[in-house]
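Q: Going line by line, the protein sequences match chains A and B.
If you count the first sequence from 1, position 91 lands on 90 in numbering that gives the first Met the number 0, and the numbers rise without skipping.
If you count the second sequence from 1, position 209 lands on 208 in numbering that gives the first Met the number 0, and the numbers rise without skipping.
It is possible that part of the hints are untrue.
[To be verified] Partial list, computed: chain B residues near chain A (C-beta under 10 Å):
| # | residue |
| --- | --- |
| 1 | Pro94 |
| 2 | Val107 |
| 3 | Arg111 |
[To be verified] In silico negatives: residues of chain A with every beta carbon more than 12 Å from chain B:
| # | residue |
| --- | --- |
| 4 | Gly61 |
| 5 | Glu126 |
| 6 | Val139 |
| 7 | Gly141 |
| 8 | Leu142 |
Calculated directly from the structure, the hints in this document are not laboratory data.
Beta carbons are placed, not taken as given, at the ideal position from N, Cα and C, and that holds for glycine.
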Amino acid sequence: MPEITAVRLLTPGQPAPPGQGQRINPLGTSVMYYLTVALLLMSAEALKGHLDALLLATLTGGPRHGYAIKEALRQGSNGQFDLPTGTVYPALHRLERAGLIRGTWSEVAGRQRRSYELTPAGHRALEAKRTDWRMFSDAVTGLLLDGRACPVPSG
Amino acid sequence: MSGTQRMNDRGTERNLRVFRGRAGHRAHSTSATAAGPVDRYLTEMAEVLVAPAPERMAVVREIGDGLTETIAGYRALGLPEEEAMSAAVAEFGEPRVVAAAVQAELGVRQARRSALALMASGPVVGIAWLAGAAVTSLSPARHQMFALLWALPLVGAAIIVAVPVLVGTLVATGRAGLRLALPPRLPPTAVTIASVAAVTADVTMLTIAGLYLAITSATPGWPLVPAVVASLVRICLATRAFWGCRRAAITLT
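Extracted from the complex, chain A is given alone in its bound form (with noise of 0.2 Å):
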């Protein structure tokens, strides 16, 4: 799972940096703080569930190493998901441990390379997270792009 690296907190009673005021309601800062802790850590678990079926996605079209997945990642999100290289190999080795891919050594030009694909397991993980992506995105789409929630009253 690659850090959050770009978010500084400040932890309740902890001076304000030079030249942005003075805290006037630390209650209401400790609250804030503890709100925004606990959706960091909800989004690094949403980021962390989706990491996975991404990373099973790219192994679809067939095996490949650590590397060349990381650069599918990046290219198939037209650089969105540009993730620091040595942060893929411990989520891969998750994978494997999971029993969702499969690895193999193999030498390449004249280097042991070890390159992934998908287990029938594997396969199957990833139908079911397409599934619940198409269900959640439809859902979120609905209220937000279609106007599900807020309906023009009729007569």
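We have chain A already, so just place chain B on it with the hints.
A: Frame of chain A, contents of chain B only:
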């Protein structure tokens, strides 16, 4: 320098020899100087990894290949070699950050492997002792040595602790575990507890058998031999699992 650190240093050297020798790397096809940053990166990463040598070597080999591939990618974009190497190292992430992420997974893998081994050994050791007690002439009832049976609840307690802990570890580190956000140090910590329970059960059984033979001066029957051997093997297995998982748990603290 601690013993673990010395072992890791030796392991790091070995990892790099494997990467350079057997695997080689793309640097050889571009320039010999490419070995510098890649080696430094892998050395720094491998220094902090705690895992059995084959697993550590495999991780270093795999990441070395990825790093070399990343350098080649930047070279293909037209970057000079030095810049390509720096960019690749930056893209990969700090070695210690990557090592920490890799270590978490290595620790969980080690815990799962140890939990499987301990779980599989349970029925073997249990059946060996039951069979030994059933067919040997060393029956407590026969020699009226019931006092030794007082130690048996220790074995029961060990089983009550070890089995749920091991089953939980196997579930949490399997496919179902992908949905759980467990702290990575939890599985190795759980396995250290199960290892202690397993050793407790084996030492108890060996002590009972030893005292029994000593007190009664009876001749042990051959069915007792597999049980004793099974327990001794399991003590070695559990001790190894304990130290391996303990080291892994400490590194994840």
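Q: When the structure is checked against the list of hints, which entries are broken? Sort them ascending.
A: The structure conflicts with no hint, since it agrees with every one listed earlier.
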